[in-house]
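Engineer: Chains as they are written, first to last, in my numbering: chain P, 1 to 118; chain C, 1 to 514.
It should be emphasised that the hints constitute simulated quantities derived from the structure, not laboratory data.
Backbone N, C-alpha and C fix where the C-beta goes; we use that ideal spot for every residue, glycine too.
Please note: incorrect hints may appear among the correct ones.
[Said to hold, decoys possible] Quick partial rundown of chain P residues pointing at chain C, CB under 8 Å, derived from the structure: (1) TYR18; (2) VAL20; (3) THR50; (4) ILE90; (5) SER91; (6) GLY97.
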Amino acid sequence: MELLVASAIGIMTAGGLYLVLRLRTFPVILGMSLLTYAVNVFLFASGRLTIGAPPILRDGVEIYTDPLPQALVLTAIVISFGMTAVVVMISLGAFLGSDDDHVDDLLEEEVTSAEGTP
Amino acid sequence: MTHWIIAPIILPALLAPFIVLAARYHIGIQRVFSVVGVLALVAISASLASQVSDGSVLLYQLGDWAAPFGIVVVGDRLSTMMVLLTCVLALFVLLYAIGSGWDNRGRHFHALFQFQLMGILGAFLTGDLFNLFVFFEVLLIASYGLMIHAGGNARLKAGVQYVLFNLIGSTLFLFALGSIYAETGTLNMADLAERVQLIGPEETVGIRVAAVLLLLVFAIKAALVPLHFWLPSSYAEAPAPVAALFAIMTKVGAYSIIRVYTMIFPPDLEVTSGLHDLWLLPAALVSLAIGMIGVLAAKKLDRLVAFSIIGSMGMVLTSIALFTPEGIAAALYYIVHSTLAGATLFLISDLVRTGRDNLDLTPQPPVKGTAITAGLFFAGAIAMAGLPPLSGFLGKLLVLDASYGTDLMVWIWFVVLVSSLISILGFARAGSVIFWKAHSVEGPEDTEHLTTPTTMSYCAVGGLLALLAAHTVFAGQVHGYTTTMAGQLFAPDTYVATVTQTPGKLSKPTKEDH
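The task is simple: from the sequences and hints, build the whole structure.
Structural biologist: Right, here's the structure in full:
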């Protein structure tokens, strides 16, 4: 269980970072989503992994899981979902406006050579 | 328990949807509500600041839940001063946006402006790390909208970079919060201050990772080199009033560093030793140098101002990284100065843009309204470069004085003095190219589309400069106050006790699972 969750977080983070470094908006946004998945699972695991236990604290319940990380993850999911929607809209606007989906600023000679080729 | 402490968050949070829903098509009504709201915020924050000036700590428990379980809003000297600074800055920026017509060049400026204020003020007032994250996101998502206000390809492109960089920062923030929660079982700042001390020396791996990650996140916000790459193009491309408001956003990062690394990870804590002097201080000195070299190298006026913001953040962080009461007091004095000076310069660059086709630093025909604009630029540049008589000079002296006798004193003095010289050269070059060489150039005659900035724009910029002058004249009092503020930061017992011991629901001692 621990190995599974830990390796899932690791693989998603690695994949996300690789995609973020591609410097074109579509892979970068995909990479950002992978990173947010990774961080959500990480937050979830920060309250220790307990299987089949309710997130309730009350008398008589001996085994329970920490409810706070679940609330944190919920907030984080909502925020990252909204942010992804915003970044998709803004990058779509930027792409449609300039017909170029590079994230970084091109050097001046690259701009002129890109304009030269049809 | 006073309820007023929550008002700086609630008021803009209510005004913004009202402006969107009820006054959607009426720019006049939007302007009235926005200005009245900001005026009320200034009044509230001034009264809050005077309430805590005796060293007391204001606490508001949301839903009356006691501290480690519920969410708290806390006001001490530092946070109320930052709130007051934000509100005053917002007032002048708003007046400029209205006077120059920027708010009418796209939609929903005023609603986004209020949401932005809500995020910034919330970040200053919250007493909980997770809520700091939430308010960071609120201020960021509003800033995304403001940043691309009025559209344009260059602006959208810079906006994409800005959004992506900050999204990565937010992800890092969540990783840091997860590690902190896994190690301590709490995210309340006052509770963390107590629990981090209890971690045994052999179990510090997780908390050290978390401390470094948090510092990285705040350094991204504060535009510390090498994490500053988002700042120059986004500040330069953003509409000028928005860029002026953003001058406070880098200070949110500086504020968070001060708050977290004096209270949760204080400088004498063994876990995080070496973080300030080994990493933060050299990086801050490099940002100071790179920012001021950027001022000299910039080809456009708005980029020049953006780099001067990086440089002044380098100065602030140099002073913070000393982590002595004198250093923090000097940094707080400089934070006020650098916010006002940065905002003034961004607004002045827009005054220049109003009377000129572009902001390129090449000789072109005179700017419309040259006389006043040039005078304002002269004063703003003096303030930012740190020449007497304005407050930049005093702030710099305080930083130099605070670093006197430390191990890295030679380096700090060298970098601060040389970079000041470079920035003076940079500003002098920019001013002479734009305002003096203009008269030697024959230009095209079709300048009808260029206008003189309105009186209200000039009033807003003049108001900010008057504040800078007041910051200079009352430097003694202000520095005295920041010194008491630093004293409060380095003795956080009152803060911690107020937060953890104020009774509320669930405050009966229960057996905790950690």
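Engineer: Going by Cβ atoms only, is GLY97 (chain P) closer than 8 Å to chain C?
Structural biologist: holds (4 Å)
Engineer: Does the nearest C-beta of chain C fall within a distance shorter than 8 Å of the C-beta of ILE90 (chain P)?
Structural biologist: holds (5 Å)
Engineer: The hint names TYR18 (chain P) as touching chain C; please verify it with the least Cβ-Cβ distance against 8 Å.
Structural biologist: TYR18 (chain P) check fails; min Cβ-Cβ to chain C is 13 Å, beyond 8 Å.
Engineer: Let's test the interface hint: is any C-beta of chain C closer than 8 Å to that of SER91 (chain P)?
Structural biologist: Holds: closest Cβ of chain C sits about 5 Å from SER91 (chain P), inside 8 Å.
Engineer: Against chain C, with CB atoms and a cut of 8 Å, does the hint on THR50 (chain P) hold up?
Structural biologist: violated (11 Å)
Engineer: Under the criterion of a CB-CB separation shorter than 8 Å, is VAL20 (chain P) in contact with chain C as hinted?
Structural biologist: holds (7 Å)
Of the numbered hints stated above, those contradicted by the structure are hints 1 and 3, listed in ascending order.
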